[in-house]
Amino acid sequence: MSLLEEMNQKATALGIPLSAHLDITWRCNERCVHCYLDHDAPGEMSTAEIKDVLRQLAENGTFFLSISGGEPLLRRDCFEILEYARALRFNVKLKTNAVMIGPKEAVRLKELGIEQIQISIYSHRPEIHDAITKLPGSLRRSLDAIRRMKTYGLKVSISNVMMRHNYSDSKSVQELAKELGVEFHIDPTITPKLNGDRSILSLGISDNELREVFRTEEFVGNVDEFCTPGAPPDDSVLDGYSCSAGHTLIYISPFGDVYPCVQFPMPCGNVLKQSLREIWQGSSALTELRSVHVRDLPTCSSCSHVSSCSRCPGLAYMEGNMRGPSTADCAKSEARMGFDGKKTPMPAKPSQVLVQIQLAPMQMHAH
Amino acid sequence: MNELYLAKSPAIAARTLGDEAIIMSTVDSTLFSLNPTGTVIWDAADGKTPVSRILEEKVCAEFDVSFEQAAADAKEFIDKLAGHGILLVSDQPIPEKEAS
Chain A
110 MSLLEEMNQK ATALGIPLSA HLDITWRCNE RCVHCYLDHD APGEMSTAEI
160 KDVLRQLAEN GTFFLSISGG EPLLRRDCFE ILEYARALRF NVKLKTNAVM
210 IGPKEAVRLK ELGIEQIQIS IYSHRPEIHD AITKLPGSLR RSLDAIRRMK
260 TYGLKVSISN VMMRHNYSDS KSVQELAKEL GVEFHIDPTI TPKLNGDRSI
310 LSLGISDNEL REVFRTEEFV GNVDEFCTPG APPDDSVLDG YSCSAGHTLI
360 YISPFGDVYP CVQFPMPCGN VLKQSLREIW QGSSALTELR SVHVRDLPTC
410 SSCSHVSSCS RCPGLAYMEG NMRGPSTADC AKSEARMGFD GKKTPMPAKP
460 SQVLVQIQLA PMQMHAH
Chain B
512 MNELYLAKSP AIAARTLGDE AIIMSTVDST LFSLNPTGTV IWDAADGKTP
562 VSRILEEKVC AEFDVSFEQA AADAKEFIDK LAGHGILLVS DQPIPEKEAS
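Chains as they are written, first to last, in the numbering used here: chain A, 110 to 476; chain B, 512 to 611.
I should point out that these hints are in silico values taken from the structure, not numbers from a laboratory. For every residue, glycine included, the Cβ atom is placed at its ideal position computed from N, Cα and C. Keep in mind that a hint or two might mislead.
[As the list claims (entries may be wrong)] Derived pair list, reagent style DSSO-like, types lysine-lysine, alpha-carbon separation capped at 30 Å:
| hint | chain 1 | residue 1 | chain 2 | residue 2 |
| --- | --- | --- | --- | --- |
| 1 | A | K213 | A | K160 |
| 2 | B | K608 | B | K586 |
| 3 | A | K243 | A | K259 |
| 4 | A | K202 | A | K259 |
| 5 | B | K608 | A | K264 |
| 6 | B | K608 | A | K259 |
| 7 | A | K219 | B | K559 |
| 8 | A | K202 | B | K608 |
| 9 | A | K264 | A | K287 |
| 10 | A | K119 | B | K591 |
| 11 | A | K119 | B | K586 |
| 12 | A | K219 | A | K202 |
[Stated by the list, open to error] Simulated DEER-style distance windows between Cβ atoms:
| hint | chain 1 | residue 1 | chain 2 | residue 2 | range |
| --- | --- | --- | --- | --- | --- |
| 13 | B | K586 | A | K213 | 40 to 46 Å |
| 14 | B | N546 | A | E292 | 29 to 35 Å |
| 15 | B | K608 | A | S315 | 56 to 62 Å |
| 16 | A | G246 | B | K608 | 39 to 45 Å |
| 17 | A | V401 | B | V538 | 36 to 42 Å |
| 18 | A | R249 | B | E514 | 54 to 60 Å |
| 19 | B | C571 | A | V401 | 45 to 51 Å |
| 20 | A | S277 | B | G594 | 45 to 51 Å |
| 21 | B | Q580 | A | S384 | 38 to 44 Å |
| 22 | B | V576 | A | G211 | 52 to 58 Å |
| 23 | A | S384 | B | K608 | 30 to 36 Å |
| 24 | B | P561 | A | S384 | 36 to 42 Å |
| 25 | A | V401 | B | D530 | 25 to 31 Å |
| 26 | B | V576 | A | M209 | 50 to 56 Å |
Can you make the complete structure from the sequences, with help from the hints?
Dropping the structure here:
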């Protein structure tokens, strides 16, 4: 077990929101065709309110903090917020389109010790990328910013959301990432808008294309390993949870609304009305979510893919039942593993070491 | 040992989960997990309190260990963390602006 897994296990046992995703705005200078947010929603938290949320997150044990949007740099106080977050010793990841990151901003991000800057690049071709963001020149500006940030020694990651329009460009984007010396991740899932509108799902890639993605070594690493179903579920699987949402992960919107995850819009409270601790420990929605073990899932618990499925309870929730399957994950699981069940070995138990050091960060190929 | 002062480097992310601290270097993303004794020293590393006082008032007071043993363990611990640049060590008090 890696140190990160041990940390997650400990945080689960202690009821600590180890990871937080904080959107500081939903406003954006791009209009990506697949975006799930309402960019015009009013009522963003003030600087002081956001700082108070950060203080409360630190007090409650949050270590990993993703600051995102919308485009976070549209807020004039973005760097003040980042500075405050780093003073509270969060491990900060910034999700941005980077078009507003010039030399001055890149230097400041480096000085602040931001762990990683994550940027979505949809294609290596401007005509495709810019058509998706609807911002002319956006590919050039994002790539210029990536080169700049690399010059200053920042860690950058390119995320490639796969859609019908850009699917064939993913390998070229991966090559581009290699040339730029940055991490690369694919994301083949389009999610519904947070208001429930599912129209954008039609932008997603087909089941056949998904199957091809999962058979591509460059994207998933060892294909045989990736596409081999897990062992039949034992108690550790059935007593476990689908994901960390609401267990060690919390999402906070620019308006103070708390959800288990950005993809799981189940209202749990609002930090402008209650303390974060009251919400995290007292929300009936979170209590109900935490009571749902894999063995309680009426359909999924008996599915042959249950050990290895990336079932998202948030997507299931948006389909009407957080205990149900999510169509997108069933499609992913089928594309990945079909229904041929081979066995995989269970991981070994960890040894007891007084001071443990993990030199390299974990890296995932596919979400 | 000569009197030493400890302070947390600004180039880290850190949090205490229960009685164990987790620390990540923002320079190279190395992740550290400290045991409860290490966490007591880490929490007390304020740049102002000498190591001998931390050992006497925190470590020896909270754990069943002699001062000599605590000092030997602490030296190894401090060398390791200082070697990774996440702990600042000085024979003078460390001003707040140099630490986090």
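Verification of the hints:
1. A/K213 - A/K160: 23 Å, holds
2. B/K608 - B/K586: 25 Å, holds
3. A/K243 - A/K259: Between A/K243 and A/K259 the Cα gap is close to 26 Å, so the pair holds against 30 Å.
4. A/K202 - A/K259: 15 Å, holds
5. B/K608 - A/K264: Given that 30 Å is the threshold and the Cα spacing comes to 25 Å, the pair holds.
6. B/K608 - A/K259: 27 Å, holds
7. A/K219 - B/K559: 28 Å, holds
8. A/K202 - B/K608: 24 Å, holds
9. A/K264 - A/K287: 13 Å, holds
10. A/K119 - B/K591: The given pair, whose Cα atoms are some 24 Å apart, holds under the 30 Å limit.
11. A/K119 - B/K586: Cα-Cα ~28 Å, so holds.
12. A/K219 - A/K202: 12 Å, holds
13. B/K586 - A/K213: 40 to 46 Å: 43 Å, holds
14. B/N546 - A/E292: 29 to 35 Å: 31 Å, holds
15. B/K608 - A/S315: 56 to 62 Å: Cβ of B/K608 to Cβ of A/S315: about 57 Å, so the range 56 to 62 Å holds.
16. A/G246 - B/K608: 39 to 45 Å: Holds: the Cβ-Cβ distance is about 41 Å, inside 39 to 45 Å.
17. A/V401 - B/V538: 36 to 42 Å: Distance hint for A/V401, B/V538 holds at roughly 40 Å.
18. A/R249 - B/E514: 54 to 60 Å: Holds, since A/R249 and B/E514 (Cβ atoms, about 57 Å apart) stay within the stated range.
19. B/C571 - A/V401: 45 to 51 Å: Cβ of B/C571 to Cβ of A/V401: about 46 Å, so the range 45 to 51 Å holds.
20. A/S277 - B/G594: 45 to 51 Å: Check passed, 48 Å falls within 45 to 51 Å.
21. B/Q580 - A/S384: 38 to 44 Å: Given about 42 Å between the Cβ atoms, the range holds.
22. B/V576 - A/G211: 52 to 58 Å: 53 Å, holds
23. A/S384 - B/K608: 30 to 36 Å: Given about 32 Å between the Cβ atoms, the range holds.
24. B/P561 - A/S384: 36 to 42 Å: The hint (36 to 42 Å, Cβ to Cβ) holds, given that B/P561 and A/S384 are roughly 37 Å apart.
25. A/V401 - B/D530: 25 to 31 Å: 30 Å, holds
26. B/V576 - A/M209: 50 to 56 Å: 53 Å, holds
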